[in-house]
Amino acid sequence: MLFRGRYQGSSFFELLEVDYPQLRPVLAPPPGGAAPQAPSAPHGTTVLALRFADGVVVAGDRLATEGHRVASRDIQKVFATDSHSLMAIAGAAGPAIEMARMLRIELEHYEKIEGEMLEVEGKANKLAQMVRANLQAAMMGLVVVPLFAGYDVRRRVGRLWKYDVTGGRYEETEFEASGSGGLFARESIKKSWRPGLSREEALRVALQALADAADEDRATGGVDLARGIFPLVSVCTAAGVEEVDTETIARIYREEVESVRGRRPAETR
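In my numbering, the protein residues as written are 18 to 286.
Since the hints were made in silico from the structure, they are not lab data.
Mixed in with the good hints there might be a few duds.
[Said to hold, decoys possible] Derived pair list, reagent style EDC-like, types lysine to aspartate or glutamate, alpha-carbon separation capped at 20 angstroms:
#	residue 1	residue 2
1	Lys207	Asp229
2	Lys208	Glu218
3	Lys207	Asp241
4	Lys207	Glu189
5	Lys208	Glu273
6	Lys129	Asp99
7	Lys207	Glu191
8	Lys179	Asp232
9	Lys208	Asp241
10	Lys179	Glu191
11	Lys207	Glu217
12	Lys208	Asp232
13	Lys179	Asp99
14	Lys207	Glu218
15	Lys179	Glu138
16	Lys207	Glu273
17	Lys179	Glu115
18	Lys208	Glu272
Quantities reported herein were computed from a predicted structural model and do not represent experimental measurements.
Please model the complete structure; the sequences and the hints are all you need to start from.
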């Protein structure tokens with residue numbers, strides 16, 4: 018027999034809130050008690066998103082840090098949340114990855130109940146709700162500051178949002194970066210971004226920004242040729258989400274390295 022609780026809407030997240038609060042995967046201090054100090058946890062570092070002619074590019078480095086220690090060299094920071102949207106995580110890795118998983122379930126649940134995909138701005142609002150629900154955990158040090166991007170099927174354009182720790186969401190019309198190397202990534206993108214970038218140009222701008230961030234921020238991972246580890250890059254267009262293959266990323270990286278070498282004076286080579 019199908020169980021029907023108090024909640025009758027189409028939001029999986031709100032269903033957990035109302036009928037199964039014990040299953041909601043959001044950290045919070047115990048009722049009536051002081052918030053405990055959060056233990057040291059792995060943190061994701063640098064992610065970015067930028068618009069181009071056909072949609073959006075979302076990218077992230079692969080390094081996770083725990084203080085001054087490397088926690089993981091190949092963590093995933095870019096997640097497809099449905100066929101036309103992506104989430105990139107920065108901050109406490111555990112809650113951030115769980116939030117990306119929950120958002121995907123939330124959007125799948127909505128589509129099954131309503132019979133249609135939620136519009137991209139509604140998806141951004143859903144993520145804001147989850148970030149806001151994590152505020153108590155953020156006060157303990159488990160901060161999650163994601164980026165969200167997707168293709169607006171109705172407007173036929175790529176769109177992207179950044180968030181603050183309180184769940185505030187802010188749409189950006191060009192590009193954004195988050196994490197410890199976010200400032201350096203934004204400065205890099207600012208020099209190269211322009212309206213109407215092609216897919217290839219957008220990939221070059223994104224990879225160069227991650228390389229610049231890794232050069233300035235010790236917590237941002239660069240390309241690890243010895244281990245064959247490259248940044249994760251995904252593209253979202255009218256055709257849907259596509260993860261860029263490693264061969265393409267490696268090719269663009271090598272071409273950019275050769276371009277930099279070619280610009281150096283001969284005596285410094």
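Which numbered hints fail:
Hints 3, 8 and 9 are the ones this structure does not satisfy, whereas the remaining hints hold.
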